[in-house]
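Using the sequences and the hints, build the whole thing.
Using my numbering, the first residue of the sequence shown is number 1, and each one after it goes up by one.
The set of hints was computed from the structure by calculation and includes no laboratory data.
The structure presented is a predicted model; accordingly, all values stated were derived computationally and were not measured.
No residue lacks a Cβ here, since even glycine has one placed at the ideal position from N, Cα and C.
The reader is advised that the hints may include incorrect statements.
[Claimed, not checked] No more than 25 angstroms apart at the CA atoms, straight line, and that leaves these computed lysine-lysine pairs for DSS-like:
1) LYS265 x LYS117
2) LYS265 x LYS832
3) LYS69 x LYS353
4) LYS832 x LYS818
5) LYS193 x LYS148
6) LYS365 x LYS534
7) LYS117 x LYS370
[Said to hold, decoys possible] For each label pair, taking beta carbons as the anchor points, the in silico distance ranges come out as:
8) GLN529 x LEU558: 32 to 40 angstroms
9) GLY770 x THR532: 31 to 39 angstroms
10) LEU427 x LEU577: 27 to 35 angstroms
11) ARG502 x ARG660: 29 to 37 angstroms
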Amino acid sequence: MASFKRRIFQRQLCLIALIPLSGILAFSELFFVREPHDLMVLPGESALLDCHARGEVPIAIGWLRNGAKVEDDERVRLLPNGSLQISQVESSTAGTVDAGVYQCLAQNQYGAILSQKSRLTVAGISTFVRQPSPAMLMEGSVARFSCKVTAHPPAAITWELNEAPVPPLTDRITVLPSGVLQIHGVEAGDSGKYRCVATNIAGRRWSTEAMLTVKPVLLSRLVLGPHIIAGPQNLTLSLHATAVLECLATGQPRPIVSWSRADHKPMDVFSTRVLGAGNLIITDVRPRHAGVYVCRATTPGTRNYTVAMANLTVLAPPSLVQWPESLTRPRAGTARFSCQAEGVPQPSITWLKNGAEIHSNGRIKMYSSKLVINQITPEDDAIYQCLAENERGSVLATARLIVVLSEDRPSAPRDVRADTVSSSAILLAWDRPLYNADRVIAYSVHYMNSEGMNNEEYQVVIGNDTTRYIIDDLEAAHNYTFYIVAYMPNGASRMSDHVIQRTLEDVPLHAPELNLLSRSPTDIQVSWQPLTAKLSRGRVSAYRLSLRTATDGTVTQLELPGDQTQRLLEGLQPDTLYLLRVAAATSVGWGEPSAWTSHRTPPASSTNVPLAPLLQLEPLNCTTMLLRWQPHAGDAARVLGFWLSYRQEGQTAGPPVQLRAQDSQYTIEGLDPRRKYHIKLLAYSIAGDGYQADQTASTPGCVSVRDRMVPPPPPPHRLHATANSSTAVYLRWDPPAFTVGQAVSYTVRCHPVGLQNASLVLYLQTTERGLLIRGLESNTKYEFAVRLHVEQLASPWSAVAFQSTLPEAPTLPPSSVKVTLIESDTALVSWKQPEEPNLAVTRYTILYASRQAWVAGEWQVLQREGTNTMALLENLLPGSVYLVRISASNQVGDGPFSSEVELAVLPMGSQAGQNSGRYDSAALAKAFSDGFFYMDQKSMMGIVVGVSIALGCILICALILLYKSKSRKFFAPKMARQGSSLQNAPPPRAEEQTDGAEALVPATAHNFVDAKGGTDMMVNSSGPVKPSRPRRNMWWSFSNDGKQKHRKEPTQKRGYSRCSYQLATTFLRYEQGSSSYPGRNTPTGPGFGRLGETEGSQGSEGTGDSGHYSHDEADLANMADAQPLPLGVKAAGACSEGEQPHLVVEMENLTKMAAQPSQQSLHATDQVHPL
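Right, here's the structure in full:
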């Protein structure tokens, strides 16, 4: 019993294990075991394309070449296993069609499937599309030869010199896989005839010979900055290919070449190597290698370098990230298949049904990467394939739709009839189903346009109480297809029979849009585009053209047949404004005429001006219109530019837009949907404005009526800009996720930052996810934005990206070079920046040498920053003539040198050398004046601002000093009048002192100086400091004061010692005492000067710190009374016994004093002796 239960359990496990396999077996009705692959064969060889399918038998195998069925013949045979054999494949030059894209088609009772695409290529090698060019070089230069050939498979390139092989890689010679030969440091032995040899399995070809001539160098070479003579080029390669980025630089000394990435990512050291002197080779390229690569050539030991950039794009074949799944759906249900793929570029998605491409119609719709089938019928039971394809390959995924039929559902509605009611309405009628009609709860009416492809199907649901319905939103003169489906609670019936009915014609909905231009002053060429079927609402049978002048109301009418779309009106008046309009008619009647369009015929004198250009208008979307034009064949050489103006109908035109002569298209952005615009374009030359072309065009609607509430798609994101050169920027972005597999386009907006003229905004159209924008200004910052367009919907502009173009290498030398001798062996050289717009200079190179050194090629080199425009040339040899040259450089490269400027250095001992002081100062002044003249505007502005600030500060300080001086003068008299009362008063508190009290200057503990600055006397703690030599002639100006008779001094108050003070014989010395006296205002010693007296007081003769200060006897007495310390008289070193004075007056040479010692004079001098 136990063994029996064990066997039952094992069988259940087997059944459970087989359940998942049932889905696999159900999916395996038809699949490929082997599929064809890409194949390359030689002409005359046989080709075998494999194909082996399995599934429910019988299986029929067929082949397609470029989408067409392949028929068997003598050379092409279908083998029993399904493979295709082609014997004696011939090259395409023989007129055969063996080469192409092949696919295997397998079919059985469940449906059909297609294999992946395989390309059959016939090997061959063509003639050279680029031949090497001869060269003539100096010895030591760099030689470069290149050639290009088209070959399958790619040819290997080698080089020959005088028909002998050139070694592919040496210390001096490098042969790149791209077909470039580089020779560094060419020698005389390198001269000869070079040719390129291309070899592959199809054969070998030789290019024409190019002669290399090497000339010897007579003089030593100049010091030259680095220069890239062959930079890297933008590359687009397949996955696993080899990238060759060339960078050939020259200079003296030989520059060092290095590589980096513009996005600062690290270089892949495992698959990257440097070939030769700086060429970058990347093997087995992957998506991570994509980006902008920067080649940098640097002079050894300096910061002098130049760069070149190139973008590497790695293309990857499609790979599926989401596969469609097989579905089982009932009839009248809905099936949804989803398929997503990735690759570079983004793959497009195509859906196949039984090996044939599916087109959208009423029931079947394709949204992005999804396939939706509505109202499923038994005919939808098939095998569906998702084909993801880009330019690098394709991939397929397969799924099946099984339609389940129910027996108890109602039969289809019967006898469907359609009657036309008007140009926009059709009446439908039908009979109820034959079976289960009483269980029908509703009917669904389906209709779609029968003309064209990818038409949308519309559905209307009505109740079961009627079998008649009017469809009234149709277009005139169109065929429509109708069918009916009956619904019951448990499902829907199959579709009824289809019926087709046509709506009636109607008068045209709109009139054509006119194009007007003049070929002479007396004619107008009138043309228009035929109306679309939607606008004509039937077949146009006639046109009516109306003409009148702006001043005359008389209208002239012309009727033209319906197949005519242009008319030349002749015999008109020159320089006259004409108004024209047109109307169209069908068999029903005339439609509304267009609005009057104005056009002025040219003046009779305008015979030499350019004729009207040929103008074409193309609405790109609901808000953008593209204008294309071509100047008249005979006017292209003399056209200086174009004037463009446009306006919306019913509004005035804005200011005209000026365009360049080389422009041939212009994009107008920001238009309103469903509006008519009038555009005028004319060319101008030296003779004046030419004949204008007038044209009208309407913008389409952004969305249809039924999709009016559809929101706009999101904008592109991750916008990134990279400078590619001085005139190009590479822009790339990522589209929104919903656009995968959907046809989209992009509008790129580009303009300089801060642009005010909207006419200079550049709009570019592309369908790719990146764009190289060319024709930009160098060293200019640009603003970029991208907008997405899909199915007449436009997204908002993306976030803005900013990028500056690289500066251009200077093409002109510095201007106004001047050299001025400022000393016997020094000269000042000055210059101006090269006169080029938007030029950035980072460095100046100065070459100078005497004539003898110049002949020997020995130049001395100086380098200065780009902000400097002056330099000193030192250690010049007397009696020599120097030559000076200057060049400008930036990070891109070096500019040319200026012409030589001569400087004659005077010999030693010449007359000019004897007067070198005056000569040098004058020359220096002139040189610096010239140097300042050459300063740029920013430097001069900085100097002016600095000087203005300094002058302002000086003026403010002068006002402050003047204000304080006046306040001190105001307080001085008041303090003098109160002197007697202040002598016995205690010193004031700090908070009670006024500004006048600032004149009480305390003496320091060690050194004293006359506070008035009136004498050259200085005193320290050891005594007076005497001058080394008395200079009596210094006192000659004071002789008048010396002759005054001194009056007898009054008695000393309070017993203080009195002494006379005589110039140069009396000294004051301060001695520290142990006793203190009341009235001392500072701990360091007494204050000098009368209370309330300052340097600018009334007691001075004159103003400021210089002047004569004279004190009479009363003043000296008051000063003595004001001193808190005693004054003792010490003659010839003696002092009163027992007295400890704080201030001692020493007197010498008293016999030299005047007869009246009472009068004391203090005189200011200019001499002050240091301690």
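Q | Hint check against the structure, violated hint numbers in rising order | A | 1, 2, 8, 10 and 11
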